[in-house]
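Enquirer: Same order as they appear, the protein sequences are chains A and B.
Counting from 1, one number per residue, gives the positions in the first sequence under the numbering used here.
Counting from 1, one number per residue, gives the positions in the second sequence under the numbering used here.
Hint data in this document are derived by calculation from the structure and do not stem from the laboratory.
Fair warning: this is a prediction, and the values are worked out from it, not measured in the lab.
Everything hinted at is true.
Pair ranges (Cβ atoms, derived):
1) Gly3/A <-> Ser53/B: 31 to 37 Å
2) Ala17/B <-> Lys78/A: 42 to 48 Å
3) Lys56/B <-> Gln41/A: 23 to 29 Å
4) Ile38/A <-> Ser53/B: 28 to 34 Å
5) Lys44/A <-> Ser12/B: 25 to 31 Å
6) Pro81/B <-> Lys78/A: 35 to 41 Å
7) Glu85/A <-> Pro8/B: 18 to 24 Å
8) Pro81/B <-> Gly3/A: 20 to 26 Å
Idealized CB from N, CA, C, for every residue including glycine.
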Amino acid sequence: EAGVAQSPRYKIIEKRQSVAFWCNPISGHATLYWYQQILGQGPKLLIQFQNNGVVDDSQLPKDRFSAERLKGVDSTLKIQPAKLEDSAVYLCASSLDWGGQVTSYEQYFGPGTRLTVT
Amino acid sequence: QKEVEQDPGPLSVPEGAIVSLNCTYSNSAFQYFMWYRQYSRKGPELLMYTYSSGNKEDGRFTAQVDKSSKYISLFIRDSQPSDSATYLCAMEEGAQKLVFGQGTRLTINP
Numbered sequence: 001e002a003g004v005a006q007s008p009r010y011k012i013i014e015k016r017q018s019v020a021f022w023c024n025p026i027s028g029h030a031t032l033y034w035y036q037q038i039l040g041q042g043p044k045l046l047i048q049f050q051n052n053g054v055v056d057d058s059q060l061p062k063d064r065f066s067a068e069r070l071k072g073v074d075s076t077l078k079i080q081p082a083k084l085e086d087s088a089v090y091l092c093a094s095s096l097d098w099g100g101q102v103t104s105y106e107q108y109f110g111p112g113t114r115l116t117v118t
Numbered sequence: 001q002k003e004v005e006q007d008p009g010p011l012s013v014p015e016g017a018i019v020s021l022n023c024t025y026s027n028s029a030f031q032y033f034m035w036y037r038q039y040s041r042k043g044p045e046l047l048m049y050t051y052s053s054g055n056k057e058d059g060r061f062t063a064q065v066d067k068s069s070k071y072i073s074l075f076i077r078d079s080q081p082s083d084s085a086t087y088l089c090a091m092e093e094g095a096q097k098l099v100f101g102q103g104t105r106l107t108i109n110p
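Construct the complete structure from the given sequences, taking the supplied hints into account.
Expert: Here it is as structure tokens:
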């Protein structure tokens, strides 16, 4: 089974520029998550989609961050304009979320995109 | 006060040692407790999953949850160099919304 795919793996931009990250979840997984992991910290949930609907975006800085999941499969996270404090690893995860078993809700993470804003 | 507190370490122990990793939390609504392992330049992977209070064992790993004290632990027996990674505790009250600790960076020295 292929894992969660993310691209690019690394990105360096200047502040005030825009950037986009792409995520392809595990096939058949209904729920997709974007997390921000700042160096030395645990991941923080930015947005959660179930199929193509938003379940939770309470921690997404909506003045500069946007995300979409068209057709309920892959997803794009965009930052415009970027700030220095956006330097972090952006992790995408997905979970199956059906079947009634606890293990159906396990979140599988991709390798992340490391963003550096200079 | 953060919802989940975890000693960031770093923690360095010799091979074969017993390792104890801990987290405390403030939200009494948390019901599901997880430990993730994250190798350098990789995404986190689920290691252990516990519902409510009690112990769970999986090979060399034991997870403990004490809801009365709002305290969870992960024990690693007979630690191996391959166990060197960052260990993240995570908690969930429902709807799959995980709240992570800061992570503890662990190094096992051969």
